[in-house]
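Top to bottom, those sequences are chains A and B. If you count the first sequence from 1, position 25 lands on 25 in this note's numbering, and the numbers rise without skipping. If you count the second sequence from 1, position 220 lands on 220 in this note's numbering, and the numbers rise without skipping.
I should point out that these hints are in silico values taken from the structure, not numbers from a laboratory. Glycine included, C-beta positions come from ideal geometry on N, C-alpha and C. Any given hint might turn out to be false.
[Said to hold, decoys possible] Chain A is faced by these chain B residues, among others (derived, beta-carbon under 8 Å):
no.	residue
1	Asn51
2	Arg77
3	Arg79
4	His94
5	Ser138
[Claimed, not checked] Sample of chain B residues facing chain A (criterion: CB under 8 Å; computed from the structure):
no.	residue
6	Pro72
7	Ala76
8	Met84
9	Phe86
10	Tyr92
11	Pro93
12	Leu103
13	His107
14	Tyr136
15	Ile220
16	Ala228
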Amino acid sequence: MNYAWNWGVLVQPPYLEWLGQGIAMTLAVSIAAGIIALSLGTLIGIFHSSTSGAMRLVTGSYINLFRNVPLLLQMFLWFFVVPELLPKAAGTWLKRELPNPEIITAIVALGLFTASRIAVQVAAGIAAVPGGQSMAARASGLSTVQAYRLVLLPQAFRIVVPPLTSEFLTIFKNSSIALTIGVYELTARTQQIQSFTYQGFEAFTAATVVYMVIALTVTTLMTVIERRVAIPGQSARV
Amino acid sequence: MVEMIRINGLSKSYGDVPVLKNCSLDVARGEVVVICGPSGSGKSTFVKCINGIEPAQAGRIAIDGEDLPSKPAAAARIRARIGMVFQHFELYPHLTVMENICLAQIHVLKRSREEAKAKAHGLLRRVGLTDKEAAYPSQLSGGQQQRIAIVRALAMDPVAMLFDEPTSALDPEMIGEVLAVMLELAREGMTMVVVTHEMGFAKAAADRVVFMDCGEIVEIAETARFFAEPASERARLFLSRILAH
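For reference, chain B alone in the conformation it holds in the complex (with noise of 0.2 Å):
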């Protein structure tokens, strides 16, 4: 097994508040994982901390075979490897949707403004949004919103992709178009650490979930294990409680 994403110790604290305690994943290529957990857990934080944009005060992390540095010019290069979905989205509300998604491409991949929207016209049409590259973020749906900010992310050619609770600031009926994106891009073999309450998605696409609470990573388990019989009383009490409505 080719490990993407290894992170071995990673604590992070806030003054004298643990918010991460020694949490360690690997993340196989091609491989979905799952985290979830009650708020306040630290999986955002967790997800944060994969790419260096929260900073960790111990623990390594390498991606593709490639140790994060603690040197920030460093790290923004394989940082750019690494595509990340926000819960807010956070499109830049200045720059239009193709300039949003020609961004990055163009001033840290350093393509030419033809190939960056040659790109982000074929992740356009991926995503069924072809005739909202003109409109301005503001001007779309947060269903809308968040499947730019993933082709934003893949216009990037990722190796691995993160999403920090995607579809929680979405309205009920718009969760759907976005996971409906983000189950094909698990078909077609994206490495994904996706942190989600959506347990539908979790059972659809992810091959493992992992359960944190309270700044700890409680349980990895294979998904159908996981909700069939999960191993902590931690992860049982919280699946009662997220699975009973």
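Looking at chain A on its own, in the form it has when it is part of the complex (with noise of 0.2 Å):
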């Protein structure tokens, strides 16, 4: 292989940058989107553990559609599609009037997409905690709101510690997705470094290397939480 090697490209203007402005942007797409997937997840998901059978058919149905169709098609769908169903008007706003439509769709998308498979997680978080729990706690005088808030999720969100670990940094790399409807995150970042400056390798192996600091980053403070709230005399997974 002939290949000139040029390391120096990444720190040179603009390219250090884009790279910078990049990495940002994977940030507040994910993070954002994290947000949106982790409050909404939870919802849904204490709404699907419930024994209503039309509330699990409502939070059934959000979960076979946004779980089941690929993200890519999703944003397409957010990005081109619905805003031509709404009616005119609201059409129109988010085509025009709405600052950076393609940040806010991505976000919304990937938000959406990822709450479906939390709402999954807590589900199971709470069925895991055992039945004689939600006993006391009604016997108690407790209401079912409190029952939830102060005895069934705090035992179900210690549960989906680790599940949730690798939802968080599945996040971070589907934000890549975004690059499809026109968002400079890292990945389009380097692919336009190496449009410009035909060091692709380079390029790439820098997007490669933010990834994985992310996704370690994550890993590791996912890991303190886990440590932090394990209960005193059970054991904690190592």
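Starting from the two chains in their separate frames, assemble the complex, guided by the hints.
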């Protein structure tokens, strides 16, 4: 292979700046989508664990819809199709007036998609709390909301920390799909550097390293959280 | 006689399988009633229906003259007045002993933290576990956990206490410490409904014994009479089996 290595491009202007902007955009999209996913997913997971058949039908439909359609297709649907389906004024507003429509769309699409996966995990976590706990809570006069908030969810969340960790990792990796609707996140920026400089190996190596660093940081953070919330006397996952 | 708990015509089934058939029982203020019977006879379900944590399909329950409503929110208020102790303790594993005892006091009775703690301290002293307030349930023995569970229920100043096989999950050497607390409660005049296989406790503390079999209340008798001359053949058979060893 005849390839002229030039690691220097990564620190040259404007490429270093592009990399930085890409990293910032990846972090912003992922964290915003993560906040949507965690709050909406928790809410749907709670309702999905209820005994009401009608409620389970609604939450189950959400989960099936968002979990089973490819994320890439969902991005396209939100970006190209949904504005056309809405009433004309709303569609025009989305296309013309909404600032940075591609970023907002990417955040919403990634957030709603990941929420469906988190909902399943939260519901499973609640189901894993022994049934006697909910009985004890209700027997003491706690309302259903109080029983969830004070007794069931604190235990369920401890159970789902490990699967949530991999969900958070996946959000950062999945955020690269946002490049298909024009978001200049990390992968898009490295592709841009490659096409300007023909130094594709260096650019993509940089992206790889950054994704790895983000993933390892998230894993470390979650391990710290898991240790901190571990219940004394019960063995935590090592 | 003032009735603390009135249960009238309680029936419940899981699909086609009846688990409670037209069960009625009145418990007077200060009375101790022991429910016994073979396993699968519906004792646990019956006692869980008294405070409504198991819904029944038919029947009426009144606590201290007040009907137990079917609406969950309204039922919660009455439930808070009845203490319940479970076979598997059901302490909240993520909370310390003190937090376990204070949770419902603070969130249901709206007591201040200090008030709740003071109440807990007094009760912990009574069961000899003052040194365990900062411990988590999994750091305690079964007998200690069950005594804490009793304290957690008593902290709500209940008008009656329900026990669902409180010693069945305990190692033999720990049964005594739990029964001692229950005996003391009975002597102090607490209204108690106790599902148990501990016939020694029944003899020592119960005013009346209820014998259940196949979802029915077969016999209700004064304790001494129940053990001396049970009226039903099924109760006789049950007693001969469990008192034989």
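Item to check | Hints violated by the structure (listed by number, smallest first) | outcome: Of the numbered hints, 15, 16 do not hold.
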